[in-house]
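Protein chains in written order, with the working numbering: chain A, 705 to 1036; chain B, 705 to 1036.
Everything labelled a hint here was simulated from the structure, so no lab data went into it.
It is possible that part of the hints are untrue.
Which copy is meant is left open, because identical chains are indistinguishable; a pair holds if it fits in one copy or across any two.
[As the list claims (entries may be wrong)] Simulated pairs of lysine-lysine, DSS-like, Cα-Cα distance not exceeding 25 Å: (1) 743 x 844; (2) 833 x 808; (3) 838 x 743; (4) 962 x 1035; (5) 743 x 808; (6) 844 x 833; (7) 808 x 791; (8) 710 x 838.
There are 2 protein chains.
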Amino acid sequence: MSVTIKDVAREAGVSYASVSRILSNKGRFSEATAQRVRKVAAELGYFKNKAASDLSSNAPRVIGVVMPQSHTNFADSLMQGIYDASKADGFDIIISYMGGDDDKAQSAAIENLVSRNIAGILLLSIQLKVEHVKRLQHSKLPFISVSVTLPYDIATVTSDDFDLGYQACQFLIAQGHRRIALVGPQVNDQTVGTQRLKGYQQALAEHQISFDEALVFPGAFDYESGERLLQRETILERFTAVIAASDMVALGVMNAAKDQGISIPEQLSLISIDGTNLTQLTRPRITAIQQDFHQMGEVATRMIIQNIMANQPLYTTRIANHLLMGQTVAKI
Amino acid sequence: MSVTIKDVAREAGVSYASVSRILSNKGRFSEATAQRVRKVAAELGYFKNKAASDLSSNAPRVIGVVMPQSHTNFADSLMQGIYDASKADGFDIIISYMGGDDDKAQSAAIENLVSRNIAGILLLSIQLKVEHVKRLQHSKLPFISVSVTLPYDIATVTSDDFDLGYQACQFLIAQGHRRIALVGPQVNDQTVGTQRLKGYQQALAEHQISFDEALVFPGAFDYESGERLLQRETILERFTAVIAASDMVALGVMNAAKDQGISIPEQLSLISIDGTNLTQLTRPRITAIQQDFHQMGEVATRMIIQNIMANQPLYTTRIANHLLMGQTVAKI
Chain A
705 MSVTIKDVAR
715 EAGVSYASVS
725 RILSNKGRFS
735 EATAQRVRKV
745 AAELGYFKNK
755 AASDLSSNAP
765 RVIGVVMPQS
775 HTNFADSLMQ
785 GIYDASKADG
795 FDIIISYMGG
805 DDDKAQSAAI
815 ENLVSRNIAG
825 ILLLSIQLKV
835 EHVKRLQHSK
845 LPFISVSVTL
855 PYDIATVTSD
865 DFDLGYQACQ
875 FLIAQGHRRI
885 ALVGPQVNDQ
895 TVGTQRLKGY
905 QQALAEHQIS
915 FDEALVFPGA
925 FDYESGERLL
935 QRETILERFT
945 AVIAASDMVA
955 LGVMNAAKDQ
965 GISIPEQLSL
975 ISIDGTNLTQ
985 LTRPRITAIQ
995 QDFHQMGEVA
1005 TRMIIQNIMA
1015 NQPLYTTRIA
1025 NHLLMGQTVA
1035 KI
Chain B
705 MSVTIKDVAR
715 EAGVSYASVS
725 RILSNKGRFS
735 EATAQRVRKV
745 AAELGYFKNK
755 AASDLSSNAP
765 RVIGVVMPQS
775 HTNFADSLMQ
785 GIYDASKADG
795 FDIIISYMGG
805 DDDKAQSAAI
815 ENLVSRNIAG
825 ILLLSIQLKV
835 EHVKRLQHSK
845 LPFISVSVTL
855 PYDIATVTSD
865 DFDLGYQACQ
875 FLIAQGHRRI
885 ALVGPQVNDQ
895 TVGTQRLKGY
905 QQALAEHQIS
915 FDEALVFPGA
925 FDYESGERLL
935 QRETILERFT
945 AVIAASDMVA
955 LGVMNAAKDQ
965 GISIPEQLSL
975 ISIDGTNLTQ
985 LTRPRITAIQ
995 QDFHQMGEVA
1005 TRMIIQNIMA
1015 NQPLYTTRIA
1025 NHLLMGQTVA
1035 KI
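Please put together the full structure from these sequences, using the hints given.
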């Protein structure tokens, strides 16, 4: 049996109603009594039953987060931003972990939250299926997609993926590169990969460099997509620089280059997109266009709390990217 | 307003009681009716209110997990093990994210779970304060410390930290090394670091190698603890091999060695403890004594479910470690 409010009242020698007022911080009570009650409550290990109080309230101060299996350290920075912003407003977070990337895992993780009496939902870096969008809309809960732009009309807080590709390419051109490969993006996702590709094309166009389809090496944003590049051909005659579509791709390129004796940046320049701290653990350190994941988490959380508390509308916004200077790009 | 069981009953043309029996899968109902009801429930987007049903049940099928801020990919593997085991038994997981390592963050994360009507708690890699142990004991919820041995009499599922230090040292000795540094452990934690140190000492003793205190470089299991080692002295005359107390320490040693032109493993051998996939992303790949985090998560989860469902006692158990062969140890 867990400790109840009645146990606290008996032990502190006050009424049940007084304890209730004091612990929920509502109505009138003397500070002296309040101190005694709080002390007793702490000693007995009494916790307000949040499940019960959430049920009796229209606006439980709890945000649910759907978190994917993560292979980079994105999720850490995003969570820290969400945590910092929610703490500031006195909100709790509960996380539903999505074990796989399949449809069933996505459905189970969302249902786990939707059915648990929360006030709103943040979806972290999830390629949300259309049926789950409908399900969320049915729930009437506010929800925001964080770090992934989806092809639906729902609120999102992300980086500008077009800009990530654009900035990376611009920087290489400014260093004198004109034959630039784009490695590892998913190019049929209509969102992340496609946008990065478009940004890359735009930067080329602005400098009168003609776009060469053979210099785009589609992939799955993963280590293998990068590693494969240097295994399948002698590339040094075809391009002088690589834009890796993600940090994991960049690590793949870098290791494959080492394995084949291609030195970075002397023979091949490399710039990555994402700029998580993985890029700072390599030698040489990887130059990157960096997404601000912490801020992304903070902004999304503040927006959903404003919606819950003050009925402010949700909207779509983009967080600025920055150049993270490393040692993998040479001037030519 | 969210969809209620009454909406489902009206739409399906059956009684409230029938819908309740069918959706909770208890009592008698015809399969034909059940199919219709489930279809209507899905169409309307009805979800069983788990907060309400948890409250009315003595054993909610929900496990709470307290998750720390993580700087390695430990947490991913642990969570995947927990997820796999809980899914197999039809349990949900909710995670309370501990934003900082301080006392307050620990207290808030635990209270967030304890007060939320769950069946048990897993603490992931957390240096639990004694007052929070008491708090958890007060809650009467079963709880297990996962991946960290604590100096209290509570159930834990971890690797054998003594064995991690012992195996790492044994392996280096078997390759001919006798002057072996231990880098980066916390040596006043009485648990992880101290145990790894004792294992290291035991292996030395078994081979009549006298223990030299000057070859232990205490730290905080972090990148900087490794990086510092090679910055403060010319070490090559004093030892031929390093045991890094964690993967992050190993990365620090490796990068500092590169910066100083010390080649691994030709001039210095390196073995790491943990063996997360970070060790496989470096060149050369890091040799490690590997902890099986996935299995750790699975075993802890199965144990707590057995406790919840069948009143089986909690206990302390250790998961076996394995040598993960890399390219950073040379025979001398």
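Here is how each hint holds up against the structure:
Proximity of residue 743 and residue 844 under a CA criterion of 25 Å is satisfied inter-copy only: 20 Å between copies versus 40 Å inside one chain copy. Taking identical chains as interchangeable, the C-alpha atoms of residue 833 and residue 808 lie at most 25 Å apart only when both belong to the same chain, with a minimum of 11 Å there against 38 Å between chains. Within a single copy, residue 838 and residue 743 get their C-alpha atoms only as close as 47 Å, which misses the 25 Å cut-off; across copies the closest is 15 Å, which meets it. Taking the shortest alpha-carbon separations for residue 962 and residue 1035, both the intra-copy value of 20 Å and the inter-copy value of 23 Å come in at or below 25 Å.
For a Cα distance limit of 25 Å, the shortest separation of residue 743 from residue 808 across copies, 17 Å, qualifies, whereas the shortest one inside one copy, 46 Å, does not. Within a single copy, residue 844 and residue 833 get their C-alpha atoms as close as 18 Å, which meets the 25 Å cut-off; across copies the closest is 40 Å, which misses it. In this assembly of identical chains, the alpha carbons of residue 808 and residue 791 lie at most 25 Å apart only when taken from different copies (12 Å versus 31 Å within one copy). Taking identical chains as interchangeable, the C-alpha atoms of residue 710 and residue 838 lie at most 25 Å apart only when they sit on different chains, with a minimum of 21 Å there against 43 Å within one chain.
Violated hints: none; the structure is consistent with every hint.
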